[in-house]
Every structure is written in C-alpha cells, then in structure tokens.
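Asks: Sequence:
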Amino acid sequence: MKIAVPTRENVVDDHFGHCAYYTLFTVDDDKNITDTETLPSPQGCGCKSNIASVLKEKGVTVMLAGSMGDGALKVLSDQGIKVFRGCKGDVRKIAEGYLKGFILDSGIGCHHHHEGGEHQCSHHKE
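In numbering that gives the first Met the number 0, the protein residues as written are 0 to 125.
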C-alpha cells in the first residue's frame, strides 16, 4: 500500500492542489512504513493537473489531506484513491495515525477556507 500526503515543510499542506510536494509512504502488510519518498507537485491547481494519475501509477491508494475541492476529490476518487480530509500536522505522524485507525475523513472541502482569500481556483463548484 502507498499513502500520499500533500506536504509543505514536513507538515500536511492545508490545500492539496497547492502543496510544495507529496510525501509518499510505502506500507507493508503489517501496517509498518517501510519507505518514504517525495514527489514534486505540479504547478497550478491539483484537479486540473495529472497528479491523480501519477499517484495511481506510483501505487497510491490513500490520500491524507488537509483540504481540497470537490473537483480534486472526484479526480482522485476516479483513480481509485481514497481521500481523508481534515488532516493537520507532521506528515509521518498523520500516516502512522491512519495506519492505527485514528484518521477519519472530515467531509469538509476547500470552500470552507476561502475567507482568507488565498485560494484562486475559480473552477470549483461551491
């Protein structure tokens, strides 16, 4: 199994499509992390890039994210990647928490953090 986490400075980036890179954790059958690698993030918005297909090609089946819009959620889901939103903090601790069963999807998309004005993806339905 592989887990992907949108990352900025070793913490979960609050927005999937604008992260600095993705941290990929390879997990064995005993739910132990056996390898960690980074994957550069494409420029622009995540749901308009090819990142979902790249993650699928790398074997990713789980995305632990801070937040993302409905478009990105659909693109990842269409690639067979299960998404858990609402994650915060150190990426390795989040991955370990998921493996222990402590991580649940918040169900909250990126439209809840637009108040700050930092999000520029105008193509999301809200």
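Rather than coming from a laboratory, the hints here were simulated on the basis of the structure. Note that the Cβ used here is the ideal one computed from N, Cα and C, for glycine as well. One or more hints might be untrue.
[Claimed, not checked] Here are the in silico distance ranges between beta carbons for each label pair: (1) Thr33 / Glu56: 29 to 39 angstroms; (2) Lys99 / Asp34: 33 to 43 angstroms; (3) Lys30 / Asn9: 26 to 36 angstroms; (4) Asp28 / Asp69: 12 to 22 angstroms; (5) Gly100 / Thr25: 29 to 39 angstroms; (6) Gly96 / Ser76: 29 to 39 angstroms; (7) Asp69 / Asn31: 29 to 39 angstroms.
[Stated by the list, open to error] In the DSSO-like style, the derived pairs of lysine-lysine whose C-alpha atoms are separated by at most 30 angstroms in a straight line are: (8) Lys81 / Lys1; (9) Lys99 / Lys55; (10) Lys30 / Lys57; (11) Lys30 / Lys73; (12) Lys30 / Lys87; (13) Lys57 / Lys87; (14) Lys92 / Lys1; (15) Lys81 / Lys99; (16) Lys55 / Lys87; (17) Lys92 / Lys30; (18) Lys30 / Lys99.
Asks: Taking the Cβ atom of Gly96 and the Cβ atom of Ser76, is their distance within the range 29 to 39 angstroms?
Replies: Violated - the Cβ-Cβ distance for Gly96 and Ser76, about 22 angstroms, lies outside 29 to 39 angstroms.
Asks: For the pair supplied as a hint, Lys30 and Lys99, confirm whether the alpha-carbon distance does not exceed 30 angstroms.
Replies: Since the Cα atoms of Lys30 and Lys99 sit roughly 8 angstroms apart, the hinted pair holds (cutoff 30 angstroms).
Asks: Is the distance from the Cβ of Lys99 to the Cβ of Asp34 consistent with 33 to 43 angstroms?
Replies: With Cβ atoms ~19 angstroms apart, the hint is violated.
Asks: Could you see if the CB distance from Thr33 to Glu56 stays within 29 to 39 angstroms?
Replies: Taking Cβ atoms as reference, Thr33 and Glu56 lie about 19 angstroms apart, which means the hint is violated.
Asks: Holds or violated: the 29 to 39 angstroms window for the beta-carbon distance between Gly100 and Thr25?
Replies: Given a distance of about 19 angstroms, which is not inside 29 to 39 angstroms, the answer is violated.
Asks: Measuring from beta carbon to beta carbon, are Asp28 and Asp69 in 12 to 22 angstroms?
Replies: violated, 33 angstroms
Asks: Between Lys30 and Lys87, does the CA-CA distance stay at or below 30 angstroms?
Replies: holds, 21 angstroms
Asks: Between Asp69 and Asn31, is the Cβ distance one that fits in 29 to 39 angstroms?
Replies: holds, 34 angstroms
Asks: When you take the CB atoms of Lys30 and Asn9, is the distance between them in 26 to 36 angstroms?
Replies: At 21 angstroms between Cβs, range violated.
Asks: Does the alpha-carbon distance linking Lys81 and Lys1 stay inside the 30 angstroms limit?
Replies: Satisfied, since the Cα-Cα distance of roughly 11 angstroms is no more than 30 angstroms.
Asks: Is Lys92 close enough to Lys1, meaning Cα to Cα at most 30 angstroms?
Replies: Roughly 15 angstroms separates the two Cα atoms, so the pair holds.
Asks: Please verify whether Lys92 and Lys30 have alpha carbons no more than 30 angstroms apart.
Replies: Roughly 13 angstroms separates the two Cα atoms, so the pair holds.
The structure does not agree with the numbered hints 1, 2, 3, 4, 5, 6 stated previously, though it agrees with the rest.
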